[in-house]
Amino acid sequence: MLRAKRISMYVFLAVAAFVSIFPFLWIIVSSTNPSVDVTRGKLLPGSYFMVNLRSLLNSIDMLNALKNSLTVSVSTTLLALLIASLAGYGFEIYRSKAKDVVFNVLLLSMMLPFAALMVPLYRMFGRITNLVPLIGIDTLAAVVLPTMTTAFLIFFFRQSTKMFPKELLEAGRIDGLSELGMFFRVYVPTMKTTYAAAAIITFMSSWNNYMWPLIVLQTPQKQTVPLLISTLGSSYSPDYGLIMLAIVISTLPTAIVFFVMQKHFVAGMIGSVK
Amino acid sequence: MRASGPALRLRWKASLVGWSFVVVAVLMITLFYFYPMIQALLLSLQTGTGSNLTFNGLGNYRRLFTDSMFLTAVKNTFIYLIVQVPIMVLLALVLSVVLNDRTLKWKGFFRTAIFLPCITSLVAYSVIFKYLFAGDGLVNLLLLHLHLISEPIPWITDPFWAKVTIIIAITWRWTGYNMIFYLSGIQNIEPSIYEAARIDGATAVKQFFRITIPLLKPIILFTSITSTIGTLQLFDEVMNITQGGPGNASSTISQYIYNLSFKYAANFGYAATVSYSIVVMIVILSIVQFKVAGDRDA
Numbered sequence: 001m002l003r004a005k006r007i008s009m010y011v012f013l014a015v016a017a018f019v020s021i022f023p024f025l026w027i028i029v030s031s032t033n034p035s036v037d038v039t040r041g042k043l044l045p046g047s048y049f050m051v052n053l054r055s056l057l058n059s060i061d062m063l064n065a066l067k068n069s070l071t072v073s074v075s076t077t078l079l080a081l082l083i084a085s086l087a088g089y090g091f092e093i094y095r096s097k098a099k100d101v102v103f104n105v106l107l108l109s110m111m112l113p114f115a116a117l118m119v120p121l122y123r124m125f126g127r128i129t130n131l132v133p134l135i136g137i138d139t140l141a142a143v144v145l146p147t148m149t150t151a152f153l154i155f156f157f158r159q160s161t162k163m164f165p166k167e168l169l170e171a172g173r174i175d176g177l178s179e180l181g182m183f184f185r186v187y188v189p190t191m192k193t194t195y196a197a198a199a200i201i202t203f204m205s206s207w208n209n210y211m212w213p214l215i216v217l218q219t220p221q222k223q224t225v226p227l228l229i230s231t232l233g234s235s236y237s238p239d240y241g242l243i244m245l246a247i248v249i250s251t252l253p254t255a256i257v258f259f260v261m262q263k264h265f266v267a268g269m270i271g272s273v274k
Numbered sequence: 001m002r003a004s005g006p007a008l009r010l011r012w013k014a015s016l017v018g019w020s021f022v023v024v025a026v027l028m029i030t031l032f033y034f035y036p037m038i039q040a041l042l043l044s045l046q047t048g049t050g051s052n053l054t055f056n057g058l059g060n061y062r063r064l065f066t067d068s069m070f071l072t073a074v075k076n077t078f079i080y081l082i083v084q085v086p087i088m089v090l091l092a093l094v095l096s097v098v099l100n101d102r103t104l105k106w107k108g109f110f111r112t113a114i115f116l117p118c119i120t121s122l123v124a125y126s127v128i129f130k131y132l133f134a135g136d137g138l139v140n141l142l143l144l145h146l147h148l149i150s151e152p153i154p155w156i157t158d159p160f161w162a163k164v165t166i167i168i169a170i171t172w173r174w175t176g177y178n179m180i181f182y183l184s185g186i187q188n189i190e191p192s193i194y195e196a197a198r199i200d201g202a203t204a205v206k207q208f209f210r211i212t213i214p215l216l217k218p219i220i221l222f223t224s225i226t227s228t229i230g231t232l233q234l235f236d237e238v239m240n241i242t243q244g245g246p247g248n249a250s251s252t253i254s255q256y257i258y259n260l261s262f263k264y265a266a267n268f269g270y271a272a273t274v275s276y277s278i279v280v281m282i283v284i285l286s287i288v289q290f291k292v293a294g295d296r297d298a
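Residue numbers (UniProt numbering), protein chains in the order written: chain A, 1 to 274; chain B, 1 to 298.
Just so you know, the hints here were simulated from the structure itself, not pulled from any lab data.
Be careful, since some hints might not be right.
What the hints assert, rightly or not - Straight-line distance between alpha carbons at most 30 Å, and here's what the computed DSSO-like set of lysine-lysine pairs gives:
#: 1; chain 1: B; residue 1: Lys217; chain 2: B; residue 2: Lys107
#: 2; chain 1: A; residue 1: Lys67; chain 2: A; residue 2: Lys222
#: 3; chain 1: B; residue 1: Lys291; chain 2: B; residue 2: Lys217
#: 4; chain 1: A; residue 1: Lys222; chain 2: B; residue 2: Lys263
#: 5; chain 1: A; residue 1: Lys263; chain 2: B; residue 2: Lys217
#: 6; chain 1: A; residue 1: Lys162; chain 2: A; residue 2: Lys99
#: 7; chain 1: B; residue 1: Lys13; chain 2: A; residue 2: Lys99
#: 8; chain 1: A; residue 1: Lys162; chain 2: B; residue 2: Lys217
#: 9; chain 1: B; residue 1: Lys206; chain 2: A; residue 2: Lys5
#: 10; chain 1: A; residue 1: Lys263; chain 2: A; residue 2: Lys162
#: 11; chain 1: A; residue 1: Lys166; chain 2: B; residue 2: Lys13
#: 12; chain 1: A; residue 1: Lys5; chain 2: B; residue 2: Lys107
#: 13; chain 1: A; residue 1: Lys42; chain 2: B; residue 2: Lys163
#: 14; chain 1: B; residue 1: Lys291; chain 2: A; residue 2: Lys97
#: 15; chain 1: A; residue 1: Lys5; chain 2: B; residue 2: Lys217
#: 16; chain 1: B; residue 1: Lys291; chain 2: A; residue 2: Lys162
#: 17; chain 1: A; residue 1: Lys5; chain 2: B; residue 2: Lys105
#: 18; chain 1: A; residue 1: Lys166; chain 2: A; residue 2: Lys263
#: 19; chain 1: B; residue 1: Lys13; chain 2: A; residue 2: Lys162
#: 20; chain 1: B; residue 1: Lys217; chain 2: B; residue 2: Lys206
#: 21; chain 1: B; residue 1: Lys75; chain 2: B; residue 2: Lys291
#: 22; chain 1: B; residue 1: Lys217; chain 2: B; residue 2: Lys105
#: 23; chain 1: B; residue 1: Lys263; chain 2: A; residue 2: Lys67
#: 24; chain 1: B; residue 1: Lys107; chain 2: B; residue 2: Lys206
#: 25; chain 1: B; residue 1: Lys13; chain 2: A; residue 2: Lys97
#: 26; chain 1: B; residue 1: Lys107; chain 2: A; residue 2: Lys263
#: 27; chain 1: B; residue 1: Lys163; chain 2: B; residue 2: Lys217
#: 28; chain 1: B; residue 1: Lys163; chain 2: B; residue 2: Lys75
#: 29; chain 1: A; residue 1: Lys263; chain 2: B; residue 2: Lys105
#: 30; chain 1: B; residue 1: Lys291; chain 2: A; residue 2: Lys99
Said to hold, decoys possible - Covered stretches of chain A (in silico footprint by chain B; criterion: 3 or more residues with CB under 8 Å from a CB of chain B, positions within the stretch not fixed):
#: 31; segment: 21-32
#: 32; segment: 82-92
#: 33; segment: 110-117
#: 34; segment: 149-159
#: 35; segment: 241-255
As the list claims (entries may be wrong) - Label-pair restraints from in silico Cβ distances:
#: 36; chain 1: A; residue 1: Lys97; chain 2: B; residue 2: Gly247; range: 49 to 59 Å
#: 37; chain 1: B; residue 1: Gly135; chain 2: A; residue 2: Lys42; range: 16 to 26 Å
#: 38; chain 1: B; residue 1: Tyr194; chain 2: A; residue 2: Ser178; range: 46 to 56 Å
#: 39; chain 1: B; residue 1: Ser184; chain 2: A; residue 2: Lys97; range: 28 to 38 Å
Heads up, the beta-carbon is just placed ideally off N, CA and C, and yes, glycines get one too.
Chain B on its own, in the form it takes in the complex (with noise of 0.2 Å):
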């Protein structure tokens, strides 16, 4: 007992002195994270104008599947990602597929200037697109000039158009950014596949479906799950460029739980409704994530 007394007392210190290293952290994401977790779960029983809050039992769930809004913004932000998440992948796939190409001059130059968009502010890129893409900006001078319409394209005021300038514009912006993580993947793949495989007379085209894509399809996983989650999160985009309309056109569910909390008469409790619809889906994508990348290390 008496020679056990100090050790223990030393093997208790050291403990401790692990868990001081840890405890700030701790503390912070517990107080910022997962503590409003807990009263947004607590908020969405609850109705009401401001504070006067009463409890609501699952009212609020059930007012969702009744609700326009809501049902649009989740129907905007669906096409939002079954549109643009695609599009974007395969144009990244063959953005770094050329890219790795070992005869290419000006690699460097290429791969800088696609990846440039990635350095912009959601804000400022968002504000230049609206520019860019309005009733008299660039894109319809430039489409005019080319006669290659006769009237300008109502971008952002048409229902339909404003979900394909949102679309344009993240493209813009994250296809670079894919791009690389899509360039890291291709260098670990060993050269002498494609040699075998021109050399049993494969194209260019099957060497793209037949091997870069399967070889890579742990990444094109991670990088489409965090695309859709990134899409899922929608909103500087959206409050910039077309502020939802025309309409709510365009709107999605992050816009719209800002919108129910800080622009109309703030209902805090179905705020927090809407914004568990899209916790129950991201933690969906994201056990899908972990057991990709799970996978991927087995």
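With the rest of the complex left out, here is chain A (with noise of 0.2 Å):
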């Protein structure tokens, strides 16, 4: 009976994990084969991947893609956390009644659907266009803009904050230090692990971002890598191994962050909660 129970147990997790990778290792393995040969439903691995790779740098603008998306990311990224911490330790540290209101204004933020903010935002940066180009429609700059300070991220770095020992911040004022001094020099070496956590989630949420890029940005040349796979994958005459290829390659940046920095993933995720 108890060893009935054990292999079910083990049988449904089996399952669960073979469901699970399973899309993972097809999109593998049909990176390296030929159109034909995933339409056909072939689950080994083929001799094409080179192949797929050359066609894929060549007819289609992957490495384009990637760098438009990779100065997205990165900009995003480092603004996002630059803005939040600095909100977080002023909200936190230099704490007093008014702050606390506004800090609860901004929080009420988080409710807004992005679907109910894109058409307003849409109308924003088409405004913007005719005043600095620069920043406009069709911009990589419109798509950081917008996205790059979120009240979670401020209310995280808030949080984390609340740990932080303050008698190091008496120590830095009696060295002299001023007050932005003492958060370069003293907090941020100190709360590396939040930014870690931090700089994971908002690069993740950046890198796979969809539908605001889908709207604002409007030539090829700008396209990101989730704009390139969907304009792929919602072709009428697929190159299959091509499209898998650009997928894998899509996938890798979030991979290794995951897979190198396991813990502060999962303490990114779990402390959203907390």
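Dock the two chains into a complex; use the hints.
As structure tokens, this is what we get:
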């Protein structure tokens, strides 16, 4: 009886694990096969990897999309970390009644779904385009600007600042550091783990962002990776091997982040609830 | 007066320093969240194409109730919600209970494997599922090969199956994510509670329903509301797997807003009205969530 229960437990987990992993195996295997073999349902690796890679780099602007995505994600992450940690620190260390009210108002923005913001945002950037074309429609800056500040990240930093040993600030003040100096010289180095978790969350969501880039980026040269994948995926005569390779490449950055920093990864996720 | 002068100035300066830390964030959130929301409210009272807008009062809101495309999108969204969220929550709960068994081997492998779908982008996994579930896709090939079906299932081209495909896809992507929350919750449950239940002769199933579920109730509620809010905003999957089709049998509210603004002759005013319907639903859910979170701290 107990034995049967144990076996069924393992079978259940094995099935769940298989279903979870199978699509990954499938895209990896398919990226080494020609399109015909993918349609035929071939599940063994082939010798077409280099061919697919070459046609991906030649016929499709994968490198350009990667460059755009990297530019957007890295600048979003750096700016988001700077803005949100300054704010989280400010709200907690220089706490006052008025700031608490402002903080709570900021939290309300977490309720606003992007679908509701996109139309006015699009019109807003349309107007900006006439004034400052550099940050208007169809620029990477327009992707970064509205997505780089989230109340969630400010909240995340404020919560983490509660654990920050305030004595360190006293010591810094005695050493003659300025208020901003204490932030950069004392706070930032001590909070490395928080920054790591925040960087992972922000980079991932920026790397995978689809809806806003879809609306604000219009020329193919500006496409980010999700836009490129989406375009490839909806083509009428798809080259499956090539598309699978593009998907594998697009998933690599997040996969690497996940396997290298699994602890921070999960900590960041769970931290978002507390 | 002379004595309090410098002290007051010092305090004022200290307060200014504090505000300067938060000012950029406050400006950004105001500019990119609150200001657009007010704009959307004003827009929702206007009608017309492109930037030729005229005041329409509550006309757009009245139109919602007779707009069959909107009503279908709402209906679809709720079907996704009512079917998908419970399946996923239950599956994630059972998985986390099994994974918490102390004698289990390869725990790390199973946990990582089941969590892995979370690292994919919504677009990437949607395209993968679109191909897997195509008429001549791998899933049909496999089912035919195993003689489980005699003809291919129209996963993407049939109104009923299109919804099923979307539900399967979302469940694949998010079950592991929810499982991680339950796992961390279960680890906080005193093992002695289960010990006592075992001594009293409670079966595993009974322990699951009488101990695990009641003790995890706050987390279950939290994840259910988060998933509900996520489903209300469902866009990437539907856009990339079925494009809302066939017809608009699998369309969602977010996709309808997108279509109204960027696909059909742009009707920003009405699109803003539709978007306020999601805002209202999400605000209600968020209030419930804040209440739940508040109860947990108490």
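Hints, one by one, checked against the model:
Under the criterion of a C-alpha separation no larger than 30 Å, the hint pairing Lys217 (chain B) with Lys107 (chain B) is consistent with the structure, at around 24 Å. A threshold of 30 Å between alpha carbons decides the hint, and for Lys67 (chain A) with Lys222 (chain A) the separation of about 10 Å falls inside it, so the pair holds. With a C-alpha separation of about 14 Å, the suggested pair Lys291 (chain B) and Lys217 (chain B) falls inside the 30 Å cut-off, and the hint holds. Straight-line distance between C-alpha atoms of Lys222 (chain A) and Lys263 (chain B) comes to about 20 Å, which keeps the hinted pair within the 30 Å bound.
About 26 Å separates the Cα atoms of Lys263 (chain A) and Lys217 (chain B), which keeps this hinted pair within 30 Å; it holds. Among the hinted pairs, Lys162 (chain A) with Lys99 (chain A) is consistent with the structure: their alpha-carbon atoms are about 16 Å apart, no more than 30 Å. In summary, the hint linking Lys13 (chain B) to Lys99 (chain A) is supported, as the alpha carbons are separated by about 15 Å, within the 30 Å threshold. The hinted pair formed by Lys162 (chain A) and Lys217 (chain B) meets the criterion: a straight-line CA distance of about 27 Å does not exceed 30 Å.
A threshold of 30 Å between alpha carbons decides the hint, and for Lys206 (chain B) with Lys5 (chain A) the separation of about 15 Å falls inside it, so the pair holds. Distance check on the hinted pair: Lys263 (chain A) and Lys162 (chain A) sit about 21 Å apart at the alpha-carbon level, within 30 Å; holds. At roughly 20 Å between alpha-carbon atoms, Lys166 (chain A) and Lys13 (chain B) fall within 30 Å of each other, so this suggested pair holds. A distance of roughly 17 Å separates the Cα atoms of Lys5 (chain A) and Lys107 (chain B); the hinted pair therefore holds under the 30 Å criterion.
Restraint check for Lys42 (chain A) and Lys163 (chain B): the C-alpha separation of about 27 Å stays at or below 30 Å, so the hint holds. Of the pairs offered as hints, the one joining Lys291 (chain B) and Lys97 (chain A) holds, with about 22 Å between alpha carbons and a cut-off of 30 Å not exceeded. About 26 Å separates the Cα atoms of Lys5 (chain A) and Lys217 (chain B), which keeps this hinted pair within 30 Å; it holds. Proximity of Lys291 (chain B) to Lys162 (chain A) is assessed by CA-CA distance (about 22 Å); at most 30 Å being required, the pair is judged to hold.
Annotation: proposed proximity of Lys5 (chain A) to Lys105 (chain B) holds, straight-line Cα distance about 14 Å (limit 30 Å). Restraint check: the Cα-Cα separation between Lys166 (chain A) and Lys263 (chain A) comes to about 26 Å, which is no more than 30 Å; the hinted pair holds. Among the hinted pairs, Lys13 (chain B) with Lys162 (chain A) is consistent with the structure: their alpha-carbon atoms are about 24 Å apart, no more than 30 Å. This hinted pair checks out: Lys217 (chain B) and Lys206 (chain B) have alpha carbons roughly 16 Å apart, not beyond 30 Å.
The suggested pairing of Lys75 (chain B) with Lys291 (chain B) holds, with an alpha-carbon distance near 27 Å, which does not exceed 30 Å. The hinted pair formed by Lys217 (chain B) and Lys105 (chain B) meets the criterion: a straight-line CA distance of about 28 Å does not exceed 30 Å. Only pairs whose Cα atoms come within 30 Å are accepted, and Lys263 (chain B) paired with Lys67 (chain A) is accepted, the gap being roughly 28 Å. Proximity of Lys107 (chain B) to Lys206 (chain B) is assessed by CA-CA distance (about 23 Å); at most 30 Å being required, the pair is judged to hold.
Only pairs whose Cα atoms come within 30 Å are accepted, and Lys13 (chain B) paired with Lys97 (chain A) is accepted, the gap being roughly 17 Å. About 16 Å separates the Cα atoms of Lys107 (chain B) and Lys263 (chain A), which keeps this hinted pair within 30 Å; it holds. Simply put, Lys163 (chain B) and Lys217 (chain B) have alpha-carbon atoms about 29 Å apart, close enough for the 30 Å limit, and the pair holds. For the given pair, Lys163 (chain B) sits about 11 Å from Lys75 (chain B) by alpha-carbon distance, which is consistent with the 30 Å threshold.
Taking the CA atoms of Lys263 (chain A) and Lys105 (chain B), the gap is about 20 Å. The hint holds against a cut of 30 Å. A C-alpha spacing of about 22 Å is found between Lys291 (chain B) and Lys99 (chain A), which places the hinted pair at or below 30 Å, so the restraint holds. Evaluation of the coverage hint for the segment 21-32 of chain A: fulfilled, as 5 residues show C-beta separations to chain B shorter than 8 Å, against a requirement of three. Closer than 8 Å: that is the beta-carbon criterion, and the segment 82-92 of chain A has 7 residues meeting it against chain B, so the requirement of 3 holds.
Figure legend: the segment 110-117 of chain A, annotated as covered by chain B; annotation consistent (8 residues with Cβ-Cβ distances under 8 Å, at least 3 required). Counting residues of the segment 149-159 of chain A whose C-beta lies closer than 8 Å to any C-beta of chain B gives 3; at least three are required, and the coverage claim holds. Using a Cβ-Cβ cut-off of 8 Å, 6 residues of the segment 241-255 of chain A lie near chain B, which meets the minimum of three, so the contact claim holds. Take Lys97 (chain A) and Gly247 (chain B): their Cβ atoms lie about 55 Å apart, and the range 49 to 59 Å holds.
Between Gly135 (chain B) and Lys42 (chain A) the C-beta distance comes to about 18 Å, which sits within the given range of 16 to 26 Å. In this structure the supplied range 46 to 56 Å holds for Tyr194 (chain B) paired with Ser178 (chain A), their Cβ-Cβ distance being about 55 Å. The given range of 28 to 38 Å is respected by Ser184 (chain B) and Lys97 (chain A), whose C-beta atoms sit roughly 34 Å from each other.
In this structure, none of the earlier numbered hints is contradicted; all agree with it.
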